[in-house]
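Q: Model the full structure from these sequences, guided by the hints.
Respectively, the protein sequence lines represent chains A and B.
Residues 1 to 266 (our numbering) make up the first sequence, in order.
Residues 267 to 704 (our numbering) make up the second sequence, in order.
It is worth saying that the hints were derived from the structure and are not from the lab.
Be aware that a few hints might be false.
To be verified - Heads up, simulated DSS-like pairs for lysine-lysine below, C-alpha to C-alpha not over 27 Å straight-line:
#1 B/Lys522 - A/Lys97
#2 A/Lys243 - A/Lys150
#3 B/Lys325 - A/Lys187
#4 A/Lys202 - B/Lys633
#5 A/Lys247 - A/Lys147
#6 B/Lys704 - A/Lys6
#7 B/Lys592 - A/Lys245
#8 A/Lys202 - B/Lys692
#9 A/Lys187 - B/Lys328
#10 B/Lys522 - A/Lys18
#11 B/Lys534 - B/Lys692
#12 B/Lys703 - A/Lys51
#13 A/Lys96 - B/Lys534
#14 B/Lys615 - B/Lys501
#15 A/Lys247 - A/Lys214
#16 A/Lys202 - B/Lys522
#17 A/Lys214 - A/Lys171
#18 A/Lys171 - B/Lys328
#19 B/Lys704 - A/Lys243
#20 B/Lys592 - A/Lys184
#21 A/Lys97 - B/Lys703
#22 B/Lys703 - A/Lys254
#23 B/Lys615 - A/Lys184
#24 A/Lys47 - A/Lys149
#25 B/Lys301 - B/Lys633
#26 A/Lys96 - A/Lys137
#27 A/Lys184 - B/Lys402
#28 B/Lys522 - A/Lys187
#29 A/Lys137 - A/Lys149
#30 A/Lys6 - B/Lys692
#31 A/Lys214 - B/Lys592
#32 B/Lys522 - A/Lys96
#33 B/Lys325 - A/Lys171
#34 A/Lys171 - A/Lys97
Claimed, not checked - Residues from chain A that keep clear of chain B, each with C-beta distances beyond 10 Å, as calculated:
#35 Glu20
#36 Thr61
#37 Gly148
Claimed, not checked - Per the computed footprint, the stretches of chain A lying under chain B, defined by three or more beta-carbons under 8 Å from a beta-carbon of chain B, are:
#38 47 to 55
#39 89 to 100
#40 249 to 260
Every value quoted in this text rests on a predicted model; they were computed, and no experiment measured them.
All residues carry an ideal CB built from backbone N, CA and C; glycine is no exception.
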Amino acid sequence: MDEAPKLNVPVMAELTAKNESPEILFWVGCAGSYDERYQKVTRAFIKILNKINISYAVLGTEETCTGDPARRAGNEFLFQMQAIANIQVLDRYNIKKIVTACPHCFNTLKNEYPDLGGNYDVIHHSVFLQQLIDEGKIKVKEGGSFKGKKITYHDSCFLGRANDIYEAPRKILEEMDAHLVEMKNFKSRGLCCGAGGAQMFKEAEPGAEEIYDKRTTEALATGASVIASACPFCMTMLSDGIKNKEKESEVEVKDIAEIVAESLNL
Amino acid sequence: MAYLQQIIFFVILSAAGYILWKRVTLIRSNILLGKDLDRTDNRSERLKSMLLVAFGQRKMFKNITPAILHLFVYVGFIVINLEVLEFIIDGLAGTHRIFAPYLGSFYNVLMNIFEFLAASVLIACIVFLFRRNVFKVKRFTQPEMTSWPLLDANLILITEILLMLAILSMNATDQVLQTRGINGYIFTGQLVFSSLLVPLFDGLPAGWLVFIERFAWWFHIIGILGFAVYITYSKHLHIFMAFPNTWYSDLAPMGKMESMDSVTNEVKIMLGLTTDEGSAQAPEEIGRFGVKDINDLTWKNLMDAYTCTECGRCTAECPANQTGKKLSPRKIMMDVRDRMEEVGNSLAKNGKGLDDGKSLLGDYITKEELNACTSCNACVEACPVLIDPLQIILEMRRYIAMEESGSPAQWNIMFQNIETSFSPWKFAPTDRFNWEKK
Ligand code: SF4
Ligand code: SF4
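A: Encoded structure:
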């Protein structure tokens, strides 16, 4: 494990003890918490949050799975157990606004928790970052490390088709003067990475090809040196695809938050 | 004798009307085999969706070539049916081109528009036949496109071609008869497209011409009536169903899954959140969890199945299907319709209906298909008439998980992890915040 300096991350329980109530909760998600690769994205996003001086907090060890994979695999009981328990925690802290770096958490919190009484203003980190840029709170142009670089953006199904978010991540890339190239299938016709619907947690059914290999082929065909993504599962799948094709030395998969943090020299 | 033709026409029209009414009643009762669902809200959004997607064909325009060809057939279908009104009045009243004297020169304009559309429909249908049978566009040749769906599609195209040829031949012979001043053939002015056929008929004696003109007339109107009955058995039903189906479509974001209230009740009791255990509002009779057979689906799912035109746009976009998995969202819709019709036909004959020992899950749709879905919504996005195959897939997974505990082993492990460690992976909950220090 690489030794990085400890980040200064405000935790909800501690703030509440101090009688503080932060403006926004950062919902980290299971991948953002445990997956070694995605922990880096979490940290990158935290650095941005720290830089802009926003009042935020995380739930820390009080956070649990939103229940999305259980629900998509058919286990509605387990989903609702998770959801109702999470809503209790969120409501106990009187949470109003949530930002998350996981499109699955985002979709579930935003679209599915209201049916169970959890109503929050939920925003995905790609939209959040784009707003920061729009509002002039961060200036990605100065970094310049992505200027002119060929980048392709992979649409997460749960952001794109599921929630109609296609533009925000692209705008961020354009904002830093990256050379955005599209794959054969993009936006509403974007090809899935293969991980949604709880596929992340099992082997694919028998077939001719892995979905992530197919998508990776499309991404490589653009000639981009960076594949930008905005979802932990997409990141895992595409990284596997790159590994399978032995292109790790030429092509990187990076999250939008990492790209922004990098261009801010964070 | 003078009224014989009118009587025959009346009998044919009534018979077609009766059969259609019976068919519509059966289809309606089949759809109502589904569970209740309230889709009466938000009428302005619904109207918008119907106008844009069904009338406006918006979703068709993702692929321009078939979209334009289809647009011709669609506009042709709607407009040419105005002419059928004249046919019916003529048939009942024993008149010929009853609108012509009233509309004057506008009648000529109208007829020319009809002819233009007839010619466009003709050409579009020929191209469609080629796409299916010669170029073999992939989405028309996948495994679920067995002999009947293939034949159905071709029959429709051939029928439309014949109907259009009939209209044009009828108008061509009519024009020849007009120029010969035969009694009853009222002057229509030049009809551009059928004029092209005039040389074929020019040399024939009047008797022949009248016969051909009448034959084409009868062929066209009987053809249209027969076609109307036929489509109730066919995938072509979308020409009607597209309208209600887009009206009643799901207006929520595609990512949202329907919550199960029956589960909420039980979960709240388990978590000790409800005190009045079942006393105040005893939960309405809990059926099964999820979907095993068609009566577990909602009426909207069943309406979707009747609306599906088997075009395969969903399957063409499906990542699982593209990579050789068994799943095909089109097949899901076709299976639902087949099973629904099996049950409906059996019930109509006082048969066993749902209790015939078969079910949608297992006998039509296998777990392997269901387990391959990534819930990516590509199929939902692709469908030109707003059908939602994904909802059916996920509901069947609910049945498998909650009623059969039959989910894939790796999913069961994932469930266990969430239950015990509150994460789909087996990590200690106390380590959840370790990323801070890394
Ligand atoms: S949601 Fe499922 S069935 Fe529909 S396209 Fe995606 S993988 Fe295929
Ligand atoms: S569900 Fe829609 S896209 Fe799929 S075959 Fe039927 S009509 Fe076509």
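Q: Taking the hints in turn, state whether each one holds.
A: We went through each hint and held it up to the structure:
1. B/Lys522 - A/Lys97: Between B/Lys522 and A/Lys97 the Cα gap is close to 19 Å, so the pair holds against 27 Å.
2. A/Lys243 - A/Lys150: Within the cut-off at roughly 20 Å; holds.
3. B/Lys325 - A/Lys187: holds, 15 Å
4. A/Lys202 - B/Lys633: Judged against 27 Å, a Cα distance of about 14 Å means the pair holds.
5. A/Lys247 - A/Lys147: holds, 22 Å
6. B/Lys704 - A/Lys6: With a Cα-Cα distance of about 7 Å, the restraint between B/Lys704 and A/Lys6 holds, given a limit of 27 Å.
7. B/Lys592 - A/Lys245: This hinted pair holds, its Cα atoms lying about 25 Å apart.
8. A/Lys202 - B/Lys692: holds, 14 Å
9. A/Lys187 - B/Lys328: Distance ~12 Å between A/Lys187 and B/Lys328 Cα, so the pair holds.
10. B/Lys522 - A/Lys18: violated, 37 Å
11. B/Lys534 - B/Lys692: holds, 26 Å
12. B/Lys703 - A/Lys51: OK: B/Lys703 and A/Lys51 at ~18 Å, within 27 Å.
13. A/Lys96 - B/Lys534: holds, 23 Å
14. B/Lys615 - B/Lys501: holds, 23 Å
15. A/Lys247 - A/Lys214: Holds, at roughly 14 Å.
16. A/Lys202 - B/Lys522: It holds: about 22 Å lies between the C-alpha atoms, which stays within 27 Å.
17. A/Lys214 - A/Lys171: holds, 26 Å
18. A/Lys171 - B/Lys328: holds, 23 Å
19. B/Lys704 - A/Lys243: holds, 24 Å
20. B/Lys592 - A/Lys184: The given pair, whose Cα atoms are some 24 Å apart, holds under the 27 Å limit.
21. A/Lys97 - B/Lys703: Distance of about 25 Å is within 27 Å: holds.
22. B/Lys703 - A/Lys254: Measuring from Cα to Cα gives roughly 21 Å; hence the hint holds.
23. B/Lys615 - A/Lys184: This hinted pair is violated, its Cα atoms lying about 52 Å apart.
24. A/Lys47 - A/Lys149: Holds: A/Lys47 and A/Lys149 sit about 23 Å apart, inside 27 Å.
25. B/Lys301 - B/Lys633: The given pair, whose Cα atoms are some 23 Å apart, holds under the 27 Å limit.
26. A/Lys96 - A/Lys137: Roughly 22 Å between the alpha carbons, so the hint for A/Lys96 and A/Lys137 holds.
27. A/Lys184 - B/Lys402: This hinted pair holds, its Cα atoms lying about 22 Å apart.
28. B/Lys522 - A/Lys187: holds, 19 Å
29. A/Lys137 - A/Lys149: At roughly 24 Å apart (the allowed maximum being 27 Å), A/Lys149 and A/Lys137 satisfy the hint.
30. A/Lys6 - B/Lys692: holds, 24 Å
31. A/Lys214 - B/Lys592: Roughly 17 Å separates the two Cα atoms, so the pair holds.
32. B/Lys522 - A/Lys96: Holds, because 20 Å separates the two Cα atoms, which is no more than 27 Å.
33. B/Lys325 - A/Lys171: holds, 25 Å
34. A/Lys171 - A/Lys97: Cα-Cα ~23 Å, so holds.
35. Glu20: holds, 19 Å
36. Thr61: Incorrect as stated: the minimum Cβ-Cβ distance to chain B is 5 Å, not above 10 Å.
37. Gly148: With a cut-off of 10 Å, A/Gly148 remains clear of chain B, as the shortest Cβ separation is near 32 Å.
38. 47 to 55: violated (count 0)
39. 89 to 100: violated (count 0)
40. 249 to 260: violated (count 0)
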